[in-house]
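Asker: Protein chains in written order, with the working numbering: chain A, 1 to 209; chain B, 1001 to 1235.
In case anyone wonders, no lab produced these hints; they're calculated from the structure. Treat the hints with care, as some may be off.
As the list claims (entries may be wrong) - Coverage of chain A stretches by chain B, computed from C-beta distances (three or more under 8 Å per stretch; other residues unrestricted):
#1 25–31
#2 59–69
#3 144–158
To be verified - Computed list of lysine-lysine pairs in BS3-like fashion (alpha-carbon distance at most 25 Å, straight line):
#4 Lys-1120(B) <-> Lys-1179(B)
#5 Lys-1120(B) <-> Lys-1172(B)
#6 Lys-1125(B) <-> Lys-90(A)
#7 Lys-1172(B) <-> Lys-90(A)
#8 Lys-1179(B) <-> Lys-1125(B)
#9 Lys-60(A) <-> Lys-160(A)
Virtual Cβ for every residue (Gly too), placed ideally from N, Cα, C.
Residues per chain are reported as follows:
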Amino acid sequence: MGLDTRAADTGVSFNPSQQESWVTTRLDFLVNWGRANSLWPMPFGTACCAIEFMATAASKFDLARFGMERMSFSPRQADVLICAGRVPFKLAPVIRRIWQQMPQPKWSIAMGACASTGNGIFDNYAVVQGIDTIIPVDVYVPGCPPRPEALMYGIMMLQKKIMNERMADRSLRHEMEPDPTSKLYIPPALIDEMSENFGNSVHQTRSGL
Amino acid sequence: MSEPSFLPVLAGHANAGDAPAPTTPKKVPHQGGAVNPGAAALEARFPGAVHRVDVVWGETTVIVAREQLADIVRWLHDDPSQRYDYCSDITAVEFRDMERPIEVVWHLRSIPFRRFIRLKVLLTKGEPLVVPSVYGVYRGADWLERECYDMFGIRFEGHPDLRRLLMWEQYKEGFPLRKDFPLRGRFSRSEQLRQILAQNPEAKYSMEELSVIDAFEDLPPDMRQRLGKGEQVGE
């Protein structure tokens, strides 16, 4: 026991000249594989969806299987923003700021009906009608609140989406601010005129920003 | 033997020694029933200030004059025969009937006597909605009055820091719980979003709450002036 000298042959040997020690793959695949399997979520839980989110992260459903066991409570180290619950207007600039503080590459999941659309029953003066009016959303998880299985299905959808991304596609990660001098710029009034109302609220317009 | 610095408060300890143990009352009538003795004491102490006394579901409601409300609450709190030492709620009620006045409601509880009394002041619509603040009597009335101001626009005269509590301070659309307030607010959704996203998140809070000195320049001028008068900024 203890400090015995190691046996001469431990069973594992490695000789690059005798083995095929390398593989070829696409860089996209490798990077996306790494990203998809180590998503660090930034939980933005405001309501009952956050309870289901906690259940998802706890041992029975075990979010760690997806490489997400590390809740990132700082947006600086987060990859995916999971908005669980309704967002009142008072929180709108806060979630916007958190999203802006997250480094690229970043994704977001709108968990539950409130974060996705405002849920109808909260179509009032205080609640944002879907966080997609504030930040871009990759996956919407329906439910009120969604079961942990539903959230995990949404996460797996996000993983599939990440696996299909291409690094050469710069537009994915390019954040644009509206540029009124551009020829592509459409003023908000014209957007509202051309598009229809959406979401649960008849007062919800596309030019929300 | 020295007096202990803290005495535990037993509910009902000021009642006479042979007072029966408290039980849940049964078969409480909707109207009528036993009147809180505080109501008669109020009428004797403040003649003319008590407009009406109702007993609904066993709880006494006293409708009082606005001018004397501060004195009434102070007396209910201080008088050894009343000792209403807990203000459990301050709120307001508005009815759809335009003729019916807005009611401001104070819920007071006397823990030593195990009594409950509800004070109401009627405010006519169209006139300034002003009632005296009871912050000097109950320190816990601070946020209750701020919430009531935020939701109904009732000004509590004498409150040291009457500003919005639930909605942000720059909220321009009015008072959400008033009957003339549309459910979805006065502005369009895009205008609401534009206004809220134009704000600095730290500027929605006062420096007493967040101690973020960076947001000072983004605060509205009246807040800047109020906070700039040498109030301490926490570390």
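Asker: Is Lys-1120(B) close enough to Lys-1172(B), meaning Cα to Cα at most 25 Å?
Answerer: This hinted pair is violated, its Cα atoms lying about 29 Å apart.
Asker: Three residues minimum, CB to CB under 8 Å: does the stretch 144–158 of chain A make the cut for coverage by chain B? Let me know.
Answerer: violated (count 0)
Asker: Against chain B, does the stretch 25–31 of chain A show at least 3 residues with beta-carbon separation below 8 Å?
Answerer: Check failed, 0 qualifying residues.
Asker: So is the stretch 59–69 of chain A in contact with chain B by the C-beta rule, three or more residues under 8 Å, or is the coverage claim wrong?
Answerer: With 0 residues close enough to chain B, the hint is violated.
Asker: Between the alpha carbons of Lys-60(A) and Lys-160(A), is the straight-line distance 25 Å or under?
Answerer: holds (23 Å)
Asker: Given the hint that Lys-1179(B) pairs with Lys-1125(B), test it: the Cα-Cα distance must not exceed 25 Å.
Answerer: holds (11 Å)
Asker: Are the Cα atoms of Lys-1120(B) and Lys-1179(B) separated by 25 Å or less?
Answerer: holds (19 Å)
Asker: Does Lys-90(A) sit within 25 Å of Lys-1125(B), going by the straight-line distance between their CA atoms?
Answerer: Status violated; Cα separation ~30 Å.
Asker: Given the proposed pairing of Lys-1172(B) with Lys-90(A), does the C-alpha separation stay at or below 25 Å?
Answerer: The given pair, whose Cα atoms are some 13 Å apart, holds under the 25 Å limit.
In summary, the numbered hints that this structure violates are 1, 2, 3, 5, 6.
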